[in-house]
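For the protein sequence lines, the chains are W and S, in the order given.
So that you can map any letter, position 70 of the first sequence is 70 in the working numbering, and since no number is skipped, the others follow by simple counting.
Add 112 to a position in the second sequence, counting from 1, and you land on the number used in the working numbering.
Careful, some of the hints might be misleading.
Unchecked claim - 20 Å max Cα-Cα, derived DMTMM-like pairs, lysine to aspartate or glutamate:
1) LYS68(W) to ASP97(W)
2) LYS42(W) to ASP168(S)
3) LYS71(W) to ASP53(W)
4) LYS15(W) to ASP79(W)
5) LYS169(S) to GLU185(S)
6) LYS68(W) to GLU56(W)
7) LYS5(W) to ASP97(W)
8) LYS99(W) to ASP168(S)
9) LYS126(S) to ASP138(S)
10) LYS99(W) to ASP150(S)
11) LYS99(W) to ASP84(W)
12) LYS183(S) to ASP150(S)
13) LYS99(W) to GLU164(S)
14) LYS68(W) to GLU26(W)
15) LYS5(W) to ASP150(S)
16) LYS5(W) to GLU171(S)
17) LYS71(W) to ASP97(W)
18) LYS42(W) to ASP150(S)
19) LYS71(W) to GLU56(W)
20) LYS169(S) to GLU191(S)
21) LYS5(W) to ASP31(W)
22) LYS15(W) to ASP97(W)
23) LYS121(S) to ASP150(S)
24) LYS169(S) to ASP97(W)
25) LYS99(W) to GLU171(S)
26) LYS169(S) to ASP138(S)
What the hints assert, rightly or not - Cβ-Cβ distance ranges computed for the label pairs, FRET-style:
27) PRO8(W) to ASN213(S): 30 to 38 Å
28) LYS5(W) to GLU191(S): 27 to 35 Å
29) LYS99(W) to ARG189(S): 31 to 39 Å
30) SER196(S) to ALA45(W): 44 to 52 Å
31) GLY115(S) to SER7(W): 27 to 35 Å
32) SER55(W) to GLN129(S): 22 to 30 Å
Unchecked claim - Calculated from the model, a selection of chain S residues having no Cβ within reach of chain W, i.e. all distances over 12 Å:
33) PRO120
34) THR127
35) LEU157
36) LEU190
37) SER214
Treat the hints as calculated values from the structure; they're not laboratory data.
Virtual Cβ for every residue (Gly too), placed ideally from N, Cα, C.
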Amino acid sequence: QQQVKQSPQSLIVQKGGISIINCAYENTAFDYFPWYQQFPGKGPALLIAIRPDVSEKKEGRFTISFNKSAKQFSLHIMDSQPGDSATYFCAASGSNDYKLSFGAGTTVTVRA
Amino acid sequence: NAGVTQTPKFQVLKTGQSMTLQCAQDMNHNSMYWYRQDPGMGLRLIYYSASEGTTDKGEVPNGYNVSRLNKREFSLRLESAAPSQTSVYFCASSVTLQGPNSPLHFGNGTRLTVT
């Protein structure tokens, strides 16, 4: 039983478009929400992360939106590029629980 | 600067065979982890080591054992492989236990097939 539910499973976007990946959680003790990016044949790498004290965090073309009351958070990839084609995992953990719960992953394909 | 190195990259085993997956990190991290990645399941924690000399079970430890050989190395052993253990295995490390100031650094994985 996954503690973090991620959707969609895959998406295709045209170059320059916006990719949106959504995640939901139930455990109210979660207070750290990272996103990991994984290229084929490689291990995941931290992309961006957010804490519940802010509703949005932006790093370059990547933005996390966080809705604490709805227990949802999402990743937006603006101006998507072919180099963004990868699998993206949302995750969550609590202050006193260092074990990350990962979502199932979303494979993003950016068409040139 | 290699980061986290896993060996082997690929392995095929027959049911009942044993093998050890090796992992080494050169970042002087204290904590190390073993995850498995299966389609539609994300990454699931098998075992972790908070620091040299300690190991603890994660979410899916059955059928596996680990050894924290020293600060750099953390191995995963399958004593009697089963087809359900067919997966991609990732080793990871972090400065201290995973958190906002201590993200995970992953190796490139070992793809294991058990027939």
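Hints versus structure:
1. LYS68(W) to ASP97(W): holds (19 Å)
2. LYS42(W) to ASP168(S): Answer violated: LYS42(W) to ASP168(S) is near 26 Å, above 20 Å.
3. LYS71(W) to ASP53(W): With a Cα-Cα distance of about 13 Å, the restraint between LYS71(W) and ASP53(W) holds, given a limit of 20 Å.
4. LYS15(W) to ASP79(W): Holds, because 7 Å separates the two Cα atoms, which is no more than 20 Å.
5. LYS169(S) to GLU185(S): Given pair LYS169(S), GLU185(S) holds - Cα atoms ~17 Å apart, limit 20 Å.
6. LYS68(W) to GLU56(W): Roughly 11 Å between the alpha carbons, so the hint for LYS68(W) and GLU56(W) holds.
7. LYS5(W) to ASP97(W): holds (19 Å)
8. LYS99(W) to ASP168(S): holds (11 Å)
9. LYS126(S) to ASP138(S): Violated, because 32 Å separates the two Cα atoms, which is more than 20 Å.
10. LYS99(W) to ASP150(S): With Cα atoms ~18 Å apart, LYS99(W) and ASP150(S) stay inside 20 Å; holds.
11. LYS99(W) to ASP84(W): violated (27 Å)
12. LYS183(S) to ASP150(S): This hinted pair is violated, its Cα atoms lying about 28 Å apart.
13. LYS99(W) to GLU164(S): holds (18 Å)
14. LYS68(W) to GLU26(W): holds (11 Å)
15. LYS5(W) to ASP150(S): It holds: about 15 Å lies between the C-alpha atoms, which stays within 20 Å.
16. LYS5(W) to GLU171(S): holds (17 Å)
17. LYS71(W) to ASP97(W): holds (18 Å)
18. LYS42(W) to ASP150(S): holds (15 Å)
19. LYS71(W) to GLU56(W): holds (14 Å)
20. LYS169(S) to GLU191(S): holds (16 Å)
21. LYS5(W) to ASP31(W): Holds - the C-alpha atoms of ASP31(W) and LYS5(W) are around 16 Å apart, at most 20 Å.
22. LYS15(W) to ASP97(W): violated (39 Å)
23. LYS121(S) to ASP150(S): holds (16 Å)
24. LYS169(S) to ASP97(W): holds (14 Å)
25. LYS99(W) to GLU171(S): Distance ~9 Å between LYS99(W) and GLU171(S) Cα, so the pair holds.
26. LYS169(S) to ASP138(S): Distance of about 24 Å is beyond 20 Å: violated.
27. PRO8(W) to ASN213(S): 30 to 38 Å: Holds - the Cβ-Cβ distance for PRO8(W) and ASN213(S), about 31 Å, lies within 30 to 38 Å.
28. LYS5(W) to GLU191(S): 27 to 35 Å: holds (34 Å)
29. LYS99(W) to ARG189(S): 31 to 39 Å: At roughly 21 Å between Cβ atoms, ARG189(S) and LYS99(W) fall outside 31 to 39 Å, so the hint is violated.
30. SER196(S) to ALA45(W): 44 to 52 Å: violated (28 Å)
31. GLY115(S) to SER7(W): 27 to 35 Å: For GLY115(S) and SER7(W) the Cβ distance comes to about 31 Å; the hint holds.
32. SER55(W) to GLN129(S): 22 to 30 Å: Roughly 51 Å apart at Cβ, these two residues miss the hinted range, so it is violated.
33. PRO120: PRO120(S) is indeed farther than 12 Å from all Cβ atoms of chain W, at 14 Å.
34. THR127: holds (27 Å)
35. LEU157: violated (6 Å)
36. LEU190: At roughly 20 Å from the nearest Cβ of chain W, LEU190(S) sits farther out than 12 Å, so the non-interface label holds.
37. SER214: violated (8 Å)
The earlier numbered hints that this structure contradicts are 2, 9, 11, 12, 22, 26, 29, 30, 32, 35 and 37.
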